[in-house]
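With chain A fixed as given, assemble chain B onto it according to the hints.
Residue numbers (the numbering used here), protein chains in the order written: chain A, 1 to 407; chain B, 408 to 507.
One should not assume that every hint holds.
[Claimed, not checked] Computed far set for chain B versus chain A, every beta-carbon distance over 10 Å:
(1) K462
(2) A475
(3) A483
(4) R489
[Stated by the list, open to error] Subject to a maximum C-alpha distance of 20 Å in a straight line, what follows is the list of computed EDC-like cross-link-like pairs (lysine to aspartate or glutamate):
(5) B:K502 x A:D315
(6) A:K66 x A:E31
(7) B:K462 x B:D494
(8) A:K336 x A:E31
(9) B:K462 x B:E479
(10) A:K202 x A:E245
(11) A:K327 x A:D353
(12) B:K432 x A:E82
(13) A:K235 x A:E174
(14) B:K432 x A:E110
(15) A:K263 x A:E337
(16) B:K502 x A:E243
(17) A:K202 x A:D148
(18) A:K99 x A:D148
(19) B:K502 x B:E479
(20) B:K506 x B:E472
(21) B:K502 x A:D27
(22) A:K336 x A:D324
(23) B:K432 x B:E422
(24) A:K164 x A:D131
(25) A:K295 x A:D315
(26) B:K502 x A:E198
(27) A:K66 x A:D304
(28) A:K202 x B:D501
(29) B:K502 x B:D491
(30) A:K66 x A:D100
(31) B:K506 x A:E174
(32) B:K502 x A:E245
(33) B:K506 x A:E245
(34) A:K66 x A:E245
[Said to hold, decoys possible] Selected chain B positions facing chain A (Cβ under 8 Å, derived; list incomplete):
(35) A429
(36) P453
(37) T456
(38) E480
(39) G507
Keep in mind that the hints were calculated from the coordinates and are not lab data. No experiment lies behind these values; they were computed from the predicted model shown. From the three backbone atoms N, C-alpha and C, an ideal C-beta is built for every residue, glycine too.
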Amino acid sequence: MSEELKGNGHCETLVVDDEPTEGVSGDASAELCARAPVGLLAELTHRCPLQCSYCSNPIELERVNKELSTEMWCSVMRQAGEMGILQVHLSGGEPTARKDLEDVVSAASEAGLYSNLITAAVTLNRARLEDLVKRGLDHVQISFQDVDPENAERIGAYPGATQKKLDVARWVTELGLPLTVNAPIHRQNIHNVPRYIELAVKLGAQRLEIAHVQYYGWAYLNRAALIPTYEETVKSIEFVERERERLKGILTIDMVVPDYYAKRPKPCMGGWAKGFMNITPAGKVLPCHAAETIKTLQFDNVQDRPLLDIWLNSDAFNAFRGTDWMKEPCRSCAFKEVDFGGCRCQAMAITGDARNTDPACALSPYHGEMVRIAREEASRPPTPFIYRNPRNAAEALKAERPLEPAE
Amino acid sequence: MSDTTSPARLIVGRETRPHLPAYLKLRHDPGRDRWILLAPERVLTPDQTAVAVLKLCDGKRTVDEIVAALAEEYSAPADVIRTDVLDLLQGLADKGYVKG
Chain A
1 MSEELKGNGH CETLVVDDEP TEGVSGDASA ELCARAPVGL LAELTHRCPL
51 QCSYCSNPIE LERVNKELST EMWCSVMRQA GEMGILQVHL SGGEPTARKD
101 LEDVVSAASE AGLYSNLITA AVTLNRARLE DLVKRGLDHV QISFQDVDPE
151 NAERIGAYPG ATQKKLDVAR WVTELGLPLT VNAPIHRQNI HNVPRYIELA
201 VKLGAQRLEI AHVQYYGWAY LNRAALIPTY EETVKSIEFV ERERERLKGI
251 LTIDMVVPDY YAKRPKPCMG GWAKGFMNIT PAGKVLPCHA AETIKTLQFD
301 NVQDRPLLDI WLNSDAFNAF RGTDWMKEPC RSCAFKEVDF GGCRCQAMAI
351 TGDARNTDPA CALSPYHGEM VRIAREEASR PPTPFIYRNP RNAAEALKAE
401 RPLEPAE
Chain B
408 MSDTTSPARL IVGRETRPHL PAYLKLRHDP GRDRWILLAP ERVLTPDQTA
458 VAVLKLCDGK RTVDEIVAAL AEEYSAPADV IRTDVLDLLQ GLADKGYVKG
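Same shape as in the complex, but just chain A:
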């Protein structure tokens, strides 16, 4: 990614990712974000026909009767455009489960937002896609749970999914829209990374996301079913790097790597409350997908306060903005403006304190234990999937115990 982001002096590139990883990053981010956030993730609903265990949604799924109204989502799009947001990711859950997706896309387009539909694509027909395109939809991202249909449909718990996804992918390119193939990678499909690349090229995709699962929400619960070994991870990363060079100008490959095996933490969201906002199906405004796992934070709702006011003044956004909140070893670290101490939610989940250094950082006293657990889980056979559905959500709402620090 870093090579791609280097401009030639006349044109810098900024990533506006929907993944809970880089968020908004790149050389130009400081300039653009100085005035307003750049990316908005609109989680229109938590309803989803698939039940993937790697989902980064919170365990506690929002109910349909709590979802924002059509008018409210349209107002959000207008407010986002006015305050200077440039791109909106329409996501979920499955965003096409909302019957009013068309109205939201129209509002986004009228507000000047570049719109990305992030879909499982199993319930989308051609007529509806054509209508969305007419209303100004700019880009479609389709997830493929694996390239082998049988395994894909086991992972997503949705029989017949693969053919539907292939059909929608074909329509997207036929309608002249750019297509992103999203490949959520974990131990049960990591062997197929080369075939994902072939699939993306064959489908005429503009982008492929090799998105190693990040362990939040359902994925955290399912870590032992999902985490690959260190060796498999390194092998797949090296393969992608070679392919990226070979496919220059044909396919852009974005790669999100599993940070459990990293030495340095990811610059999560490009920095807390720096360039990105996330709105939940019920209208809560979060600095990142997983922020609700930090129980001490209070989140404002778009139904109660204007979006710009929330961005500037909400306690949750200001909690970890900048670097003043940092403890050691972040506070005196030379990289604090580079990685921002990594991910607050991962620090919370694993160390019990959101202000701690992300344990993905080798300087964290929890790092050794985190890596040991990852390696141990990866060395054992995968545990059965806990599928993402309301029944399992009720079962799983038990607190995870944080780790003990070294020494």
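Only chain B this time, still in chain A's reference frame:
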């Protein structure tokens, strides 16, 4: 997997007639008072030179014609401009943002 250049990669030359795919949006952002190029999960920040080049990428003009137009407009030597334009367009083509 040993070949490093795929046949489909666009190599931008003096006779290439570059254009931007329809899904890229070159817009002026009034709030930030600057031009931006919107792409799937990317925002590009072209400077004045890049904007001038991109506006001329209509799929009809060749790179040499674009260079000539810029040389006249900015009263600058075509050789210097050509190197810069080829470098800019190749960089964008390698990201899939310029087609020939």
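Status of the T456 (chain B) interface restraint (C-beta, 8 Å, chain A) = Nearest chain A Cβ about 5 Å off; hint holds.
ask   = Straight-line Cα separation of K263 (chain A) and E337 (chain A) no greater than 20 Å?
value = The hint holds at about 17 Å.
query = Given the proposed pairing of K327 (chain A) with D353 (chain A), does the C-alpha separation stay at or below 20 Å?
reply = This hinted pair holds, its Cα atoms lying about 11 Å apart.
key: Pair hint K506 (chain B) and E174 (chain A), alpha-carbon separation not exceeding 20 Å   = holds, 17 Å
inquiry  = What's the verdict on K502 (chain B) and E479 (chain B), does the C-alpha distance respect the 20 Å limit or exceed it?
reply    = Since the Cα atoms of K502 (chain B) and E479 (chain B) sit roughly 29 Å apart, the hinted pair is violated (cutoff 20 Å).
ask   = Is the straight-line distance between the alpha-carbon of K502 (chain B) and that of E198 (chain A) 20 Å or less?
value = The hint holds at about 18 Å.
ask   = Holds or violated: K202 (chain A) with E245 (chain A), Cα cutoff 20 Å?
value = OK: K202 (chain A) and E245 (chain A) at ~18 Å, within 20 Å.
request  = Assess, step by step, whether the Cα of K336 (chain A) is no farther than 20 Å from the Cα of D324 (chain A), and give holds or violated.
outcome  = Holds, at about 11 Å.
request  = For the pair supplied as a hint, K432 (chain B) and E422 (chain B), confirm whether the alpha-carbon distance does not exceed 20 Å.
outcome  = violated, 25 Å
key: Pair hint outcome, K295 (chain A) versus D315 (chain A) [Cα-Cα no greater than 20 Å]   = Answer holds: K295 (chain A) to D315 (chain A) is near 13 Å, not above 20 Å.
query = Holds or violated: are the alpha carbons of K66 (chain A) and E245 (chain A) at most 20 Å from each other?
reply = Not satisfied, since the Cα-Cα distance of roughly 46 Å exceeds 20 Å.
message = Does R489 (chain B) clear chain A by more than 10 Å, comparing its Cβ with all Cβ atoms of that chain?
response = R489 (chain B) is indeed farther than 10 Å from all Cβ atoms of chain A, at 14 Å.
Hint compliance for this structure: hints 5, 6, 13, 18, 19, 23, 34, 38, 39 are broken, all remaining hints hold.
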